[in-house]
Amino acid sequence: MNIRSRGDKWFDAMNVCIMLVVVALTIAPFWFALVGSFNQGLDYMRGGIYFWPRTFTLSNYKTVFADHTIYHAFFVTISRTLAGTALHVAFTALVAYGMSRKALAGRNAYLVIMLFTMFFYGGLIPNYLLYKELGLLNHFLVLIIPTMFSVWDMIIMMSFFRSIPEQIIESAKIDGAGEYRIFLQLILPLTKPVLAAIALFSGVYHWNAYTDALMFTTKDALEPVQLFLMRIVTDSSEAMKFGEQAASVMPEEAKQISPETLKLAMMMATTAPILVIYPFLQKYFVKGVLIGSVKG
Amino acid sequence: MERTLEAGRLASASEMKASGRRSRWKSQFALQSMVWPGLLFLLVFSYVPMYGILIAFKKYDLFLGIMDSPWAGLTYFREFVTDPNFQNVLRNTLAMNLLALLLSFPAPILFALLLNELTAGRFKRFVQTVSYVPHFVSWVIFGGLILTVLSPSNGVLNLLLVKLHVVEEPINFMAKPELFWFIMVGAEMLKGIGWGAIIYIAAIAGVDPELHEAAKIDGAGRFQRMRYVTVPSIMGTIVIMLIFAVSAILNTGFEQIMVMQNPLNLDVSETIDTYVYKVGLGQMRYSYSTAVGLAKSLVALILLFGANYVSRKLSDNSLF
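Just so you know, the sequences run in chain order A and B.
Note that the first sequence covers residues 4 to 299 in my numbering.
Note that the second sequence covers residues 32 to 351 in my numbering.
Each hint should be verified, as a subset may be incorrect.
[What the hints assert, rightly or not] Here are the computed lysine-lysine pairs in the PhoX-like style, where the Cα-Cα straight-line distance is at most 25 Å: (1) Lys-195(A) to Lys-222(A); (2) Lys-135(A) to Lys-207(B); (3) Lys-12(A) to Lys-309(B); (4) Lys-65(A) to Lys-244(A); (5) Lys-105(A) to Lys-195(A); (6) Lys-222(A) to Lys-105(A); (7) Lys-135(A) to Lys-327(B); (8) Lys-155(B) to Lys-135(A); (9) Lys-222(A) to Lys-327(B); (10) Lys-327(B) to Lys-309(B); (11) Lys-258(A) to Lys-244(A); (12) Lys-207(B) to Lys-194(B); (13) Lys-90(B) to Lys-12(A); (14) Lys-90(B) to Lys-290(A); (15) Lys-65(A) to Lys-286(A); (16) Lys-309(B) to Lys-207(B); (17) Lys-247(B) to Lys-90(B); (18) Lys-286(A) to Lys-155(B); (19) Lys-195(A) to Lys-176(A).
[To be verified] Between beta-carbon pairs, the in silico distance windows are: (20) Phe-119(A) to Arg-122(B): 30 to 38 Å; (21) Leu-105(B) to Lys-65(A): 58 to 66 Å; (22) Val-262(B) to Leu-45(A): 34 to 42 Å; (23) Ala-31(A) to Leu-71(B): 47 to 55 Å.
[Unchecked claim] Listing some non-contacts, in silico: residues in chain B with all C-beta distances to chain A over 12 Å: (24) Phe-60; (25) Leu-105; (26) Arg-122; (27) Glu-148; (28) Leu-191; (29) Tyr-259; (30) Gly-311; (31) Ala-331.
Worth flagging that the hints you see were computed from the coordinates, not collected in a lab.
Nothing here was measured: the structure is a model prediction, and the numbers come from that model.
C-beta atoms are modelled at their ideal positions from N, C-alpha and C, and glycine is treated no differently.
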């Protein structure tokens with residue numbers, strides 16, 4: 004039916020090659036880190052390891068999980084991800100529902116007030132001083148409160164809520180349902196896809212965030228895993244310290260590790276949850292971007 | 032008589048309107064109570080910091096507070112404009128962004144176009160899935176991975192280069208100032224190419240198939256159709272994304288730079304965002320840092336409206 008010319012075949016072949024290069028370049032850094040994280044530490048330092056571990060060991064991972072500082076960091080990250088995401092979605096959805104109703108008095112004025120904040124930002128120091136004033140510095144809440152609401156996400160939700168016909172809401176009202184009941188029992192169940200997409204974005208943001216903890220907290224107890232990792236990635240003496248600490252707990256494993264391989268094992272352990280969950284949720288992510296782009 | 036009647040009617044009408052509004056508010060209490068927390072949130076977390084910008088024009092004293100600190104006029108603006116450090120910072124910011132505009136802006140467009148030409152559905156999905164992955168990995172990790180690959184002691188790139196006799200000695204990539212900008216933009220490109228392409232893929236999917244059919248009948252090959260049918264059809268999306276990119280020309284990935292910066296490349300790696308952070312929170316020069324941040328926001332705003340205006344005049348595409 005479709006006769007492919009020789010030029011087309013060339014084009015296809017070239018195209019597949021380019022795509023394979025992109026895929027290879029994307030996977031490569033993960034693969035090499037994975038290989039290193041399963042390799043014996045001193046052996047890794049000798050170099051020459053390419054595609055497969057030379058002296059296989061699990062010691063790097065054992066050492067990483069023997070230390071309780073990383074457990075605590077994971078605890079902070081998981082807490083902020085769960086609490087932050089739940090709060091963000093619930094709060095933003097509530098405001099978005101109110102704003103999505105045409106009957107809302109003052110709606111246009113509210114919208115202007117909200118949109119303005121998207122164009123102009125107070126800046127780092129004024130924010131810092133505000134958090135200080137509010138007592139948020141060095142408090143767990145500074146990791147979740149400032150991102151509790153997003154005008155952008157609200158607009159995305161709003162456009163989704165609007166696609167529900169007014170008549171449904173009106174008839175629920177006639178049946179005696181109040182606004183909150185309509186929101187909770189009617190609107191939310193009908194708009195699960197957009198809520199899921201926003202929740203996923205928020206969850207990934209919280210899992211990966213470290214700048215807020217870097218800027219607004221100084222307590223070790225509030226250090227999320229990404230900040231912990233940041234110190235180790237950017238400062239090799241930190242990795243060394245971590246290794247020594249671990250060595251004192253489990254001396255026989257310590258012979259198998261080096262700061263470098265330990266670092267790799269840590270990076271892999273932190274990324275694994277995302278890489279495992281990601282393929283299942285991919286379609287929601289993509290949907291989320293598209294909803295956003297149509298509106299924006 | 033007639034007049035008073037008229038006036039009476041008018042009065043009652045306005046009264047009715049007012050009471051109607053009042054009852055509308057009352058009946059809306061539930062609805063309003065949903066929106067107000069959002070407004071309150073923005074008042075506190077967006078508008079109060081905007082008021083805090085005042086410290087850029089004051090000699091801010093922690094103990095006196097924003098209101099009572101003495102005015103300083105444009106002292107801090109003058110200070111950073113003439114500061115050689117800042118000139119360096121500005122150069123780095125602009126250089127990295129222009130390079131990004133040249134390389135990492137078109138990359139997702141090209142990627143989307145090529146992806147669209149793939150004929151095998153399963154391979155296409157595989158490529159897409161893999162290409163999105165780096166977007167979900169934090170810069171700490173992704174930056175760390177790049178540093179690992181580039182490491183002079185046992186990074187795989189150096190091992191390969193030495194083994195293939197491309198170089199004699201391993202290269203310490205992150206210590207070479209002349210390479211830093213390219214490494215940054217390259218890493219950004221790799222992290223963002225797949226995710227950035229989604230919006231273009233959607234735009235391409237919306238192109239009318241009849242246009243392709245017509246071009247085919249006219250004897251256009253695959254490449255020609257891509258060039259003369261697909262690209263013009265998604266021009267609107269490209270222009271919108273370009274407006275965003277231009278207005279973000281003073282932004283640099285703070286998270287990325289903080290991870291990949293080291294003392295050896297500091298001269299080329301410090302950008303406005305990292306500078307504001309270090310000078311502000313590190314050296315506690317609050318007013319100075321706020322002045323730099325404010326100047327940056329204003330320039331971004333002007334660029335956004337400027338780019339939008341130019342694009343509306345030239346191509347009929349605009350954000351607003």
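Which numbered hints fail: Hints 1, 2, 3, 6, 8, 9, 13, 14, 15, 17, 22, 24, 27, 28, 30 and 31 are the ones this structure does not satisfy, whereas the remaining hints hold.
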